[in-house]
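Enquirer: Here are the chains, one letter per residue:
There are 4 protein chains.
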Amino acid sequence: MGWNSWDCYGASVREEEVREHAKYMSKNLKEYGWEYIVVDIQWSEPEAKSTVYNDFYPLNMDEYSRLIPAENRFPSSKDGRGFKELGDYIHSLGLKFGIHIMRGIPRQAVHQNTAIKGTEKRARDIANNDICPWNSDMYGVNVDMPEGQIYYDSLFELYASWGVDFIKVDDIAHSKLYDDAHKKEIEAIRNAIDKTNRPIVLSLSPGPAQLKNGSFFQDHVNMWRLTDDFWDSWDALYKMFDRTAEWQSFVRRGNWPDCDMLPLGHIGIRAVDGGGGDNWTRFTKDEQYLLMTLWTIFQSPLMYGGTLPDIDDFTLSLFTNEEVLEMYHTITERRQVYRDKEWVVWQAASTESEFVAIFNVSEDDLNLPENLRSDFVGKDTARNLWEKKTVKVQNQKIHRHGALLLKK
Amino acid sequence: MGWNSWDCYGASVREEEVREHAKYMSKNLKEYGWEYIVVDIQWSEPEAKSTVYNDFYPLNMDEYSRLIPAENRFPSSKDGRGFKELGDYIHSLGLKFGIHIMRGIPRQAVHQNTAIKGTEKRARDIANNDICPWNSDMYGVNVDMPEGQIYYDSLFELYASWGVDFIKVDDIAHSKLYDDAHKKEIEAIRNAIDKTNRPIVLSLSPGPAQLKNGSFFQDHVNMWRLTDDFWDSWDALYKMFDRTAEWQSFVRRGNWPDCDMLPLGHIGIRAVDGGGGDNWTRFTKDEQYLLMTLWTIFQSPLMYGGTLPDIDDFTLSLFTNEEVLEMYHTITERRQVYRDKEWVVWQAASTESEFVAIFNVSEDDLNLPENLRSDFVGKDTARNLWEKKTVKVQNQKIHRHGALLLKK
Amino acid sequence: MGWNSWDCYGASVREEEVREHAKYMSKNLKEYGWEYIVVDIQWSEPEAKSTVYNDFYPLNMDEYSRLIPAENRFPSSKDGRGFKELGDYIHSLGLKFGIHIMRGIPRQAVHQNTAIKGTEKRARDIANNDICPWNSDMYGVNVDMPEGQIYYDSLFELYASWGVDFIKVDDIAHSKLYDDAHKKEIEAIRNAIDKTNRPIVLSLSPGPAQLKNGSFFQDHVNMWRLTDDFWDSWDALYKMFDRTAEWQSFVRRGNWPDCDMLPLGHIGIRAVDGGGGDNWTRFTKDEQYLLMTLWTIFQSPLMYGGTLPDIDDFTLSLFTNEEVLEMYHTITERRQVYRDKEWVVWQAASTESEFVAIFNVSEDDLNLPENLRSDFVGKDTARNLWEKKTVKVQNQKIHRHGALLLKK
Amino acid sequence: MGWNSWDCYGASVREEEVREHAKYMSKNLKEYGWEYIVVDIQWSEPEAKSTVYNDFYPLNMDEYSRLIPAENRFPSSKDGRGFKELGDYIHSLGLKFGIHIMRGIPRQAVHQNTAIKGTEKRARDIANNDICPWNSDMYGVNVDMPEGQIYYDSLFELYASWGVDFIKVDDIAHSKLYDDAHKKEIEAIRNAIDKTNRPIVLSLSPGPAQLKNGSFFQDHVNMWRLTDDFWDSWDALYKMFDRTAEWQSFVRRGNWPDCDMLPLGHIGIRAVDGGGGDNWTRFTKDEQYLLMTLWTIFQSPLMYGGTLPDIDDFTLSLFTNEEVLEMYHTITERRQVYRDKEWVVWQAASTESEFVAIFNVSEDDLNLPENLRSDFVGKDTARNLWEKKTVKVQNQKIHRHGALLLKK
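Residue numbers (numbering that gives the first Met the number 0), protein chains in the order written: chain A, 0 to 407; chain B, 0 to 407; chain C, 0 to 407; chain D, 0 to 407.
Okay, chain A solo, but in the shape it has when bound (with noise of 0.2 Å):
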């Protein structure tokens, strides 16, 4: 659980704005379990200013070939301190420090033939000619070469060195262009965690990550996504409940499926994705409490992407329930168990409780039909989390693109 930059900044996160949104989650939101500050894609990059890349600008770098933030954009990071100043800040707030990278290594360290740090090989050695599609900053590391594995060891050692709690590697969990994911990279990188002896997260971007990998992704990773860039529109949030009941079985301790960051509250200040500008959340309320019950029952990360320095009360009664999240840290067991068009219902067990999740995904307000309530939720009357309280379950009426959240 925690805040991600990329929903409101895109590539163009500042300090400022950073240690702000520290700040407000330290001091209303920690207590509920919120403690991640990530700071997303692009810190190296002087001139970022929204969610568009600059195509082949140069980024800040270190003598290794190692990106490095934007001096402009980080003020602490001078004189080669990194990311160490903002991630003690964050410590010091009782929070976790996160950021995000692009698999690979710079293409302009590549081009002008850098040092790597513990061997004689040079970027040009290391990198082969595997791109991103979408971003221009990297090429891939040839990880069947020792020196690749060195290099990727060199830059978790740097990371570790800034306290960095977790990690976002991107353009690795899927590869439109290659059609899979970049398995062997995700090996190197999971070696060169393990080899810094913290405790760092490692989560996997961009989706849709493929079923068959899954396994793999179990075996070497905490968190991969599902999905490409989830944004706050219906459609999206339609599609969720196909992708969480293909991966359903693969969620347990370690390995969490994620259905990407929660594109809520005030969104898109600096961003021109989704829709696309300085707006508020285009989900409904009640898209919003489908959303978050879907999140929570299928135990995803929950990454904000709003604001939280100006949030508003509807969205932090979200993020603050602690019914709800008490569902979400203890359950550990959970399934959909019913679709069809009208409805799907999920159910989700800790060793305590029982819940079910039933969500209206048709076009109107419906009552709830009674063989869904006894097949599914059996008594007459059951805790709304949503609600705290408890309530008659029968005819209950939910609203279209709502949901109802029970324990039994």
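A few of these clues could be false.
[As the list claims (entries may be wrong)] Pairs of lysine-lysine, DSBU-like flavour, derived with a Cα cap of 30 Å:
#1 211(B) <-> 340(D)
#2 194(C) <-> 340(D)
#3 120(A) <-> 182(A)
#4 238(C) <-> 175(C)
#5 211(A) <-> 175(B)
Read the hints as simulated data drawn from the structure, not as lab findings.
Chain A is fixed; fit chains B, C and D onto it per the hints.
Expert: Frame of chain A; chains B, C and D shown alone:
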């Protein structure tokens, strides 16, 4: 765990052969947990001779468009008694009775437009133009019509009256022609079984089932095939390491992804698939240990395909090792934890014990590498389940295509 | 050039309707080169009512497993006379007679195991399990057996005896289910036609045929379909610019890639495909000019799908413009020479003249751009074939979805 | 017809080698119509050694982001003279000069953000993130921007100033990575060539080009490759019967689908592709006759890949047979007319003569079957073009993988 007639007799098994195998199983294997006797495909076809189907030949059928046994092959089925007497006999031996069916309704019923039990509609009305590409017996059933469900209900009512405990439905888990499972008909069959109030195990063929349907299979059926027909060649066996790793997260009580029959012992009496002809399995002894180790640690269903009356001691020993079978029955977790070009390692755990299986998939006899021992076995000695003795693990020689199965 | 019963009557045309259309054609269109009268699909099906097929219904069949006309629909076919009388009538009007058949042998013949003329083998022996996915009448014929060829020979012997001049074989040029043409059966049909010594035009359906089979089609058949069934919508028409450009190199004397029937005039009398119902074409007049211009400059076969007895003057004018038809008959080269989002230009040449067709595929009425005029027309004035007058080319207005057809 | 440096020297040919081959051609082959001398890939790379590319190595480039020859390999190019002197020399021998280029702009230009001639925009501005998957020299050019076209214009202005008569553009006719031709850049190159007012032959690589783009290629280029790189193996040669049959309808004056270079004679001097190393062609003499027969009757471009100075008499005889070359130059129609598992037959016609080529594609020496003789040759005697004498056709023996080329 049981015996299936296909690997020996193809489509042509006869009643006396079934009874003979049942008698042997009851006497020699029942105590080890072997209990199902399954009559495979085309028991309605009077002229069936081998694994090759006679396209478009008439099948034995009752007045309600339901296939019934060919009387020349199953004499006890005379006078409309179906498999009742054979089922009774098998039950009298303390065993369970299984049959194979094809998805759909006989094409001959459709072209003769015969009656359906329980409705005025006739065969032509409920058929659709979906076919099986490799067998010409049936058309698909349109289960969007209530009368389609009524037809399936009438089938399972009949099978339940025969005392069927296990049903293998074919041309349904995956169709190469239509590139998917026939999900609607799977749902209809699930419903039809539930209505019988008889606990019939539902097994689907053929494979390879698709991972995207894994959750669907878990919700509807007990077993589903991971592969095409499996025969006695190393190439086919080696591919099972891919399949089992991909499907391991879908194994749970009541859901057993199926590695297909065991083509061991004396097979091919009247089969021309696989090795093609009456022979003993082409697997080496080491490959047989490896196969049984993978099938048991993955908890695949075990369906023996060879003959029983003339089974040899070695083959019998594979099915009657109490220590291996105890692992097979008690483990609640299992997964592949390592793979390279020479070695595959699986681990499993019951509430009381931990197990590790180490497979040499190379072309050479090899000693167990020390890093695999220390990473996955840990200890210096461990129980070798196949040898039923405690062994020194260090430097154990494992033959090419062989396996070591240890309890830690 | 001819008339085909599908767009008006689907599978249900009756003899008197065919005769009526033949009479009209003979009187009004023959002089312009229109000559084929084609009875489309399922003339053997007594119950056919529209474009929807009655799955698995019995068809009228002779003693040799060959379909013959349904007598209730074609009274002159009584007493085994088949289409002989209808063919004679059409010939008596100076026209030519065509029929439609499905690839294969009737399923009812296979399940009844009826005789084949000229061999001891029976229907069951020569059938294979290849089906048409959208019509349940036939099985494929195994032409690897000599008796498969004998069956096709017996079919074409019958058709030749009826005086058939044109045959449209369906489910053969492309099968979505099997993702290819049924090439072996095309070869068998080619052989069977050659043996009749009657010059029968061979036309294959449905499309889209695959380019990789283009040379094969040129070697074996006269016409083959480039598209799925073509109906009266702009989307379908616009796609023909892709199809015709891709196939233009395959047009040559005796090989006419086929853009499908002309859904013009009064159509859908008993058809529920396309616009769905009895109506006049949904194409605007401009779209009809554009369609006729593309079909004629590409030299597609022209098969009118609408009614003839009540045809209106405008539609008639499209089929009786001598200048357009002269181009259609005399050009020996043709190709698309320009395309952008608003304009498509084709050029063609006969030994004596040059032609240019300029299509406005945009959504607005536009004036002809000067660069297109100078590049492709050159001159200031040219003969407008549809208007049959010489026009000033500069700045000609061309309506949205309209076309200008010029002789230079 | 010409010579290309790839099959002998890979990416590493040197000026003196080019001059030597030009001299030989002028003296011995020019009279037979051989005239192009083509310097293949990476003439800008100082370190190129073979057919293996040095990934990411610096290339020789001018101030306008245009690649120029490596001076160590092409001494006459010193002082910015480019290929002018070499071109002049080749012209002085009465021959024509060709070069190879990769689609796009050098990656080193993009990362250094160098200037573009004729615009204020720089390399970074006009590059896009499309790459060649098998060579790391270039990025694609964004020709949707006018400045992208300006860059291509500046390239061809330079090549025209060098006297280039033939250009082979690579990574453009088909990209496996992007599964299509790079059509926009093909259009830009076509435009750039037209602006030079020099008649430069445009040849596109690599194959296999897709049939759906056939019309597009006809409109824009002179030659395009039907295959991957073609080397001296029977499997590769046999596949050309598929390719040529599929493409035969696209051959016309100015449009020559290209079967690739002739890997005959002494090849592989500094190449490690194909047979791998310095050797004489692995084709048998019969296979060489067959190859030359197919290439000439299909009218593929003929580009010899072996060495010229030490060419042997047999190889030379393949290129200097006046009767074969007369057919090659004069035929206006050609097509495959027969194919089974043992035989392929092509026919061709010029305004004056008819030709037939009969290929034995079986693994045995065979006599010409009488039906092929009567169907395709007709006569009892005919001119054997390779033997330059009239032969009795009946029962002619044709060796395995051999061909008979006759003038009727």
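Enquirer: Just pull the numbers of the violated hints for me, sorted ascending.
Expert: 1
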